[in-house]
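Assemble chain B onto chain A, guided by the hints.
Heads up: the protein sequence lines correspond to chains A and B, in order. Under the working numbering, read the first sequence as residues 1 to 529, first letter to last. Under the working numbering, read the second sequence as residues 1 to 427, first letter to last.
Rather than coming from a laboratory, the hints here were simulated on the basis of the structure. No experiment lies behind these values; they were computed from the predicted model shown. Glycine residues also receive a C-beta, built at the ideal position from the N, C-alpha and C atoms. Check the hints yourself; a few may be wrong.
EDC-like, lysine to aspartate or glutamate: derived pairs with alpha carbons at most 20 Å apart [as the list claims (entries may be wrong)]: (1) A:Lys433 x B:Asp246; (2) B:Lys232 x B:Glu242; (3) A:Lys276 x A:Glu29; (4) B:Lys232 x A:Glu419; (5) A:Lys73 x A:Glu103; (6) A:Lys73 x A:Asp107; (7) A:Lys215 x A:Asp159; (8) A:Lys254 x A:Glu326; (9) B:Lys232 x A:Glu424.
Simulated restraints on C-beta separations [claimed, not checked]: (10) A:Ala161 x B:Arg276: 24 to 32 Å; (11) B:Glu132 x A:Lys433: 29 to 37 Å; (12) A:Asp12 x B:Arg387: 54 to 62 Å; (13) A:Arg94 x B:Val316: 54 to 62 Å; (14) A:Ala161 x B:Ala329: 24 to 32 Å; (15) B:Glu375 x A:Gln306: 48 to 56 Å; (16) B:Arg387 x A:Pro160: 50 to 58 Å; (17) A:His234 x B:Arg276: 19 to 27 Å; (18) A:Pro160 x B:Ala329: 33 to 41 Å.
Listed below are several chain A residues computed to face chain B (Cβ distance under 8 Å; list not exhaustive) [stated by the list, open to error]: (19) Val409; (20) Asp416; (21) Asp442.
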Amino acid sequence: MSPRPGFVLEVDRSTPPTLFWHGEGFRFERLPEGSRVVYPPEPLPGLTDADAAVRHALEHPVGDSAPLSALLKPGMRLTIAFDDVSLPLPPMRRPDMRQRVIEAVLDAAAAAGVDDVVLIAALALHRRMTDDELRHALGDRVFDAFAPHGLLVQHDAEDPAALVHLGLTEEGEDVEINRRAAESDLLVYVNINLSAMDGGHKSVATGLASYRSLKHHHNVRTLQHSRSLMDRHHSELHTSNWRMGRLLRNAGVKIFQIETTLNLDMFPSQFAFLQKREWEWSLADRAGFHSTRLALERTPPRLARQIFQSMRSPYAPTSVQAGEVEAVHDVTLENLFRQQLVPVEGQTDILTMGLPYLCPYNVNSVMNPILVACLGLGYFFNLYRGRPLVREGGVCIISHPTPWAFNPVHHPSYIDFFEQVLAETTDLVEIEKRYEQQFATDPWYIHLYRTSYAYHGVHPLYMWYWCAHALDYLGGVIIVGGDRAAVRRMGFKPASTLADALEMAEDVVGRSPSITHLHAPPLLVADVS
Amino acid sequence: MRALLVERLPHRFAAARVAAVVAGSGSGIGIGPLRLGEIEPPELPGPRWHRVTPLLSGICGSDLATLDAKSSRYFEDIVTFPFVPGHEIVGVVRDGPQADRRVVVEPVLSCTVRGIEPPCPSCADGRTGVCERIAFGDIRPGLQTGYCADTGGGWSDELVAHEAQLHLVPDEMSDEAAVMVEPAACATHAALAGQVVPGERVVVLGSGTLGLCTIAALRRHALPSALLVVAKYRVQRHFAAELGADDVVAPSELGRGVRRMTGTLALASASGAIERLAGGADVVYDCVGSARSISEALAVVRPGGRIVLVGMPGVVRVDLAPLWQREVALVGAYAYGTESVPEGSRRTFALAFELVEAAGLERLVSAHYPLDRYEEAVRHAADAGRRGSVKVVFDLRRDDPAWRRAAAPAARKRRRPRDDKELETSA
Chain A
1 MSPRPGFVLE VDRSTPPTLF WHGEGFRFER LPEGSRVVYP PEPLPGLTDA DAAVRHALEH
61 PVGDSAPLSA LLKPGMRLTI AFDDVSLPLP PMRRPDMRQR VIEAVLDAAA AAGVDDVVLI
121 AALALHRRMT DDELRHALGD RVFDAFAPHG LLVQHDAEDP AALVHLGLTE EGEDVEINRR
181 AAESDLLVYV NINLSAMDGG HKSVATGLAS YRSLKHHHNV RTLQHSRSLM DRHHSELHTS
241 NWRMGRLLRN AGVKIFQIET TLNLDMFPSQ FAFLQKREWE WSLADRAGFH STRLALERTP
301 PRLARQIFQS MRSPYAPTSV QAGEVEAVHD VTLENLFRQQ LVPVEGQTDI LTMGLPYLCP
361 YNVNSVMNPI LVACLGLGYF FNLYRGRPLV REGGVCIISH PTPWAFNPVH HPSYIDFFEQ
421 VLAETTDLVE IEKRYEQQFA TDPWYIHLYR TSYAYHGVHP LYMWYWCAHA LDYLGGVIIV
481 GGDRAAVRRM GFKPASTLAD ALEMAEDVVG RSPSITHLHA PPLLVADVS
Chain B
1 MRALLVERLP HRFAAARVAA VVAGSGSGIG IGPLRLGEIE PPELPGPRWH RVTPLLSGIC
61 GSDLATLDAK SSRYFEDIVT FPFVPGHEIV GVVRDGPQAD RRVVVEPVLS CTVRGIEPPC
121 PSCADGRTGV CERIAFGDIR PGLQTGYCAD TGGGWSDELV AHEAQLHLVP DEMSDEAAVM
181 VEPAACATHA ALAGQVVPGE RVVVLGSGTL GLCTIAALRR HALPSALLVV AKYRVQRHFA
241 AELGADDVVA PSELGRGVRR MTGTLALASA SGAIERLAGG ADVVYDCVGS ARSISEALAV
301 VRPGGRIVLV GMPGVVRVDL APLWQREVAL VGAYAYGTES VPEGSRRTFA LAFELVEAAG
361 LERLVSAHYP LDRYEEAVRH AADAGRRGSV KVVFDLRRDD PAWRRAAAPA ARKRRRPRDD
421 KELETSA
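Chain A on its own, in the form it takes in the complex (with noise of 0.2 Å):
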């Protein structure tokens, strides 16, 4: 029986309550009749065979680009660059898609007789990652054959000596990447495409860039006209990393991309109940749900979060295709949407969603509250192509228990900004204005940023502003079940139930509303007529 496509439940007298992700744990919630309820296709099939699946996209590239191989010579400079932890989420089982295509594009160089290969994690201004992640994402081969030997690096973006201004993009833009990966004979970028957001020309850069570089499209002025983020053809942010990839490609960076989809396969079996629809659930996923929601209500936060943690996902490769950038991302995009896209009639006047975990910046860690608002209106508002699920001047209700708790190895700036910035003005433009540059240029951060495990200085503003789109257009925020203080620190309101917070919505868009619940993760892209 093939996967089935995405559905829009309408919410009856006999439909069950509805799973609510909330951080580490669940709400079960029973939605107003009338509601609707937006869940994700079915996962696709993956590949009968990923690795030859690889090969092939290796040697029969897609776009204005030669077969790897032929790229391929020796004595050149190759840099394999790839996508840092923040991806795929939750990370996956064994084999990484990362590992078996470096492992093959390793082969393909080592056939070639190329010998100055480099590996980069393409961090971006995200906190380096660890020996073991760095394993877990590359295999024990590659990372015992590179790293030992110093040929495993972590992009850093606050080294000037390995970075080169390569010019300005027509909008005065800088330019700016890793030297490496910028004057190898051969760059190939390795990606995870979980969203539609990333791969394409964002891959390097984004992913290999500088502060200097990258505050030209992450910004309030580009983050609020990125409509969606999802959908790059509306994105200010994708149209600046555009204007840069060409620049970079006019300036002879040579590059090689490889995109990788996955399908939507994200929980392992004893979480099965995640994948499926509330009243198709069986005996035992009802069992799995309850008894796991009692172990976790008698779980200490930090044992959850481990446990959640530790979770590895059996995705499924989809698609691999390589060769020119811009051709390769046209056919990923195809592949994501092929498995996330969900038609949706209309919009809403309230939507809703539960909150998980994990979001791509605290894997191994504390989600804080600004990654809390970052996943809500940064990313899962953004999850639609066309229009927002929810209506101009709606409301969005969040279900996380948004801890006020930070990770000081990962987040230290992001505690400043918490306890500093937010205390004193939540507006974009403001805190953009008066502190980006005290935390951008932030010696300590730096240092942390560079030889610790931290996060960049900048980056909570960064994540700050990604809300800016939602922040813009959505006339109300209500966080249920979170920490009443943190929530109120950023300028949103608390409620305690979902009941409490429909309520107080209604005060904002009126008796009756319409209600959307975006039944996520697993991921979907709602595209809205």
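Just chain B now, kept in the frame of chain A:
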């Protein structure tokens, strides 16, 4: 007359200390050295002395330290028992040319007050707070009114004060504002003692009365580019921000807050907790005076920076290695005298009157108590922050007809408490 009296009763001091250590400051008030009694009014020590009837008299941190028996033994030779505490005083002069006028008493008992001629070098230089003759002259030893057996103190129906100690209160100034002049003078002196250069980054540790007044004084007399304040309680955070703090942090956030303010590097533990700053603040005002606060000041001041001890310290155990290695200056700031300000040399009390008015410091007076409820008053003062209060005062106005005449203009401006219950409404 009625007076609260501290007597030299070692067993009661010991009991108060044990109670304070076990159950917290102020808890030994019932078994300590303070008692309410009827005593003879103090004799006038000389012709330039006058009788003063207190209207309001504040309870200060140093008073609490005395009642908790936590004060340093250093003070033993410069106080005389039995003494009536209370050195934050607004009262009415009962005799002489200023009879019936309201005054604030400047409590320092300097050479002039003691009838010593010529004055000591410190007094001659205007630095009366560090008078070298506080155990000599016409009256017995005592560093201030409120610690000298011959002068009495504010926690009573009457005291005596030398004319050099009296500062007339403007008619438009309320009693509550006037009672804040003495702590404001301490804060003004401390703020200036830090010699903050415009653009320097400053930290104030502690947001009790003295800390809050220091914030106000720094904003008036210095131009720090950034002023970070540590405040423990909600009321303190509120007033700290209102009086001019740029950033108010909880005690546990001090290191992170100063690092953020200065942009300095820091040494952190494996868990990410900040353990030591590489640089730090230019000047740190310690308005607590405990071993912990002095250690914290040393941890957040920059190399070559200055720490001003504003709160009264006692015997403390502090690691001075950072003071030595980072060449930090530790400066004491006690009382008041004469200050050098851009417009010239001025008495600290004159500056303090202006500060109280300009910063509206009367709002820090949170609770009034009659003398006979002194145990509650002291407990309240010792627990002020947690109870949402700042300055607790004794209110001695109720039975004083002279006050009604003298303070009529100011009295009309504010509501006068009528009974004990009402007196405590803000408590």
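Here is how each hint holds up against the structure:
1. A:Lys433 x B:Asp246: Roughly 18 Å separates the two Cα atoms, so the pair holds.
2. B:Lys232 x B:Glu242: Satisfied, since the Cα-Cα distance of roughly 15 Å is no more than 20 Å.
3. A:Lys276 x A:Glu29: Judged against 20 Å, a Cα distance of about 16 Å means the pair holds.
4. B:Lys232 x A:Glu419: It holds: about 15 Å lies between the C-alpha atoms, which stays within 20 Å.
5. A:Lys73 x A:Glu103: holds (18 Å)
6. A:Lys73 x A:Asp107: OK: lysine 73 (chain A) and aspartate 107 (chain A) at ~13 Å, within 20 Å.
7. A:Lys215 x A:Asp159: holds (17 Å)
8. A:Lys254 x A:Glu326: holds (13 Å)
9. B:Lys232 x A:Glu424: Within the cut-off at roughly 19 Å; holds.
10. A:Ala161 x B:Arg276: 24 to 32 Å: holds (29 Å)
11. B:Glu132 x A:Lys433: 29 to 37 Å: violated (56 Å)
12. A:Asp12 x B:Arg387: 54 to 62 Å: holds (56 Å)
13. A:Arg94 x B:Val316: 54 to 62 Å: holds (58 Å)
14. A:Ala161 x B:Ala329: 24 to 32 Å: This hint is violated: roughly 40 Å between Cβ atoms.
15. B:Glu375 x A:Gln306: 48 to 56 Å: Roughly 52 Å apart at Cβ, these two residues keep to the hinted range, so it holds.
16. B:Arg387 x A:Pro160: 50 to 58 Å: holds (55 Å)
17. A:His234 x B:Arg276: 19 to 27 Å: violated (50 Å)
18. A:Pro160 x B:Ala329: 33 to 41 Å: holds (38 Å)
19. Val409: holds (4 Å)
20. Asp416: holds (5 Å)
21. Asp442: holds (5 Å)
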